[in-house]
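Required output: the full structure, derived from the provided sequences and hints.
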Amino acid sequence: MISNPERAYRAGFYTATIFFIVTTLFPFFWLFVIAVTPRSNLSDIGVFTPGGTPRAEVTIPLLEWTLAVPAGVPVDLNPAAFIEIFTVIPFHRYVFNSFLIATVATVVVLFVASLAGYVFGRLRFRGRNTLLLLVLVTSFFPPAAFFVPLNRLFNANIDVLAPLMQDGSLYNTPYAIFIPLSALYLPLSIFILTTFYSQIPDGLEDAARVEGTTRLGALFRVIVPLSAPGVATAGVLTFITVYNEYFFSSLMTNGLERNWAPMLEGILQFQGQFEVFYNLMAAASIVAVLPVAILVVVAQEKIVSGLTAGAVKE
226 MISNPERAYR AGFYTATIFF IVTTLFPFFW LFVIAVTPRS NLSDIGVFTP
276 GGTPRAEVTI PLLEWTLAVP AGVPVDLNPA AFIEIFTVIP FHRYVFNSFL
326 IATVATVVVL FVASLAGYVF GRLRFRGRNT LLLLVLVTSF FPPAAFFVPL
376 NRLFNANIDV LAPLMQDGSL YNTPYAIFIP LSALYLPLSI FILTTFYSQI
426 PDGLEDAARV EGTTRLGALF RVIVPLSAPG VATAGVLTFI TVYNEYFFSS
476 LMTNGLERNW APMLEGILQF QGQFEVFYNL MAAASIVAVL PVAILVVVAQ
526 EKIVSGLTAG AVKE
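Numbering (the numbering used here), first residue to last: 226 to 539.
Wrong hints could be hidden among the right ones.
To be verified - Distance ranges between label pairs, derived from CB positions: (1) L493 x N303: 47 to 53 Å; (2) D427 x S364: 26 to 32 Å; (3) Y471 x N266: 27 to 33 Å; (4) T438 x I519: 34 to 40 Å; (5) P263 x I465: 28 to 34 Å; (6) L361 x R446: 26 to 32 Å; (7) N229 x N354: 48 to 54 Å; (8) L493 x I465: 15 to 21 Å.
Just so you know, the hints here were simulated from the structure itself, not pulled from any lab data. Don't be surprised by glycine CBs; every beta carbon is placed ideally from N, CA and C.
Right, here's the structure in full:
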């Protein structure tokens, strides 16, 4: 029998937290180690040979201790890879492409999901639950199931698009990426916003309507601000998913930065036919993660409150 359950709970909690932090941050540490290690020394840190071998000895002057540097710990730091990724290829353009496509897709998804969430969450009509279920069912299909019809559509010569696009085709354009991605991740945002909009008291919207505000005005002036955690959660989830997407973007573009290829295509550019620049790929991966990491740090409070909303009923 546990004599002090509270202490046992704290010990278990801290153990689980430390385990989670280590397993989450270790891949980033390993990427950093590979990025700052010269290509000639990559085999010494266990990248190609399991375990590696001690490569050098470090002497501590005051204590007169001599320590052997184990494998996996960089000695000759060379941060030039973080500069080289922008000189070998225009990697900043790949990151910009992903960032812009993810931003546009997030705005489109939030706007459409807000309108649909208002209809499903605030209005009462026959067949509402069935229609909402049908919308959610579309998210159960894998993205590959939609590729063939979308590929035929976007590679076809559409006369209406001829004045705007070359040959009327959407191939190698940002529209071929964010249109299907917006449609794929729209159902989840609709579900999240429907849940939040349905919890707003009717009296707040009625007060705005009495003052002459339309339904659309009440939505964006009353409902959306009061549902900020849900909107932030849906926006961040959509942005991260589209930013990291590779399937559609790799098939709808030819991999060139000027044709809106995403940052994952840029990372793969460091993989040549006869040689793989692992340190450049690691440095590019770290740089590509920074926008998403900053977004999550800034919006973490809204995300947590949005994901936990409704868990406790008052």
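Hints breached by this structure: Violated hint (a single one): 1; every other hint is consistent with the structure.
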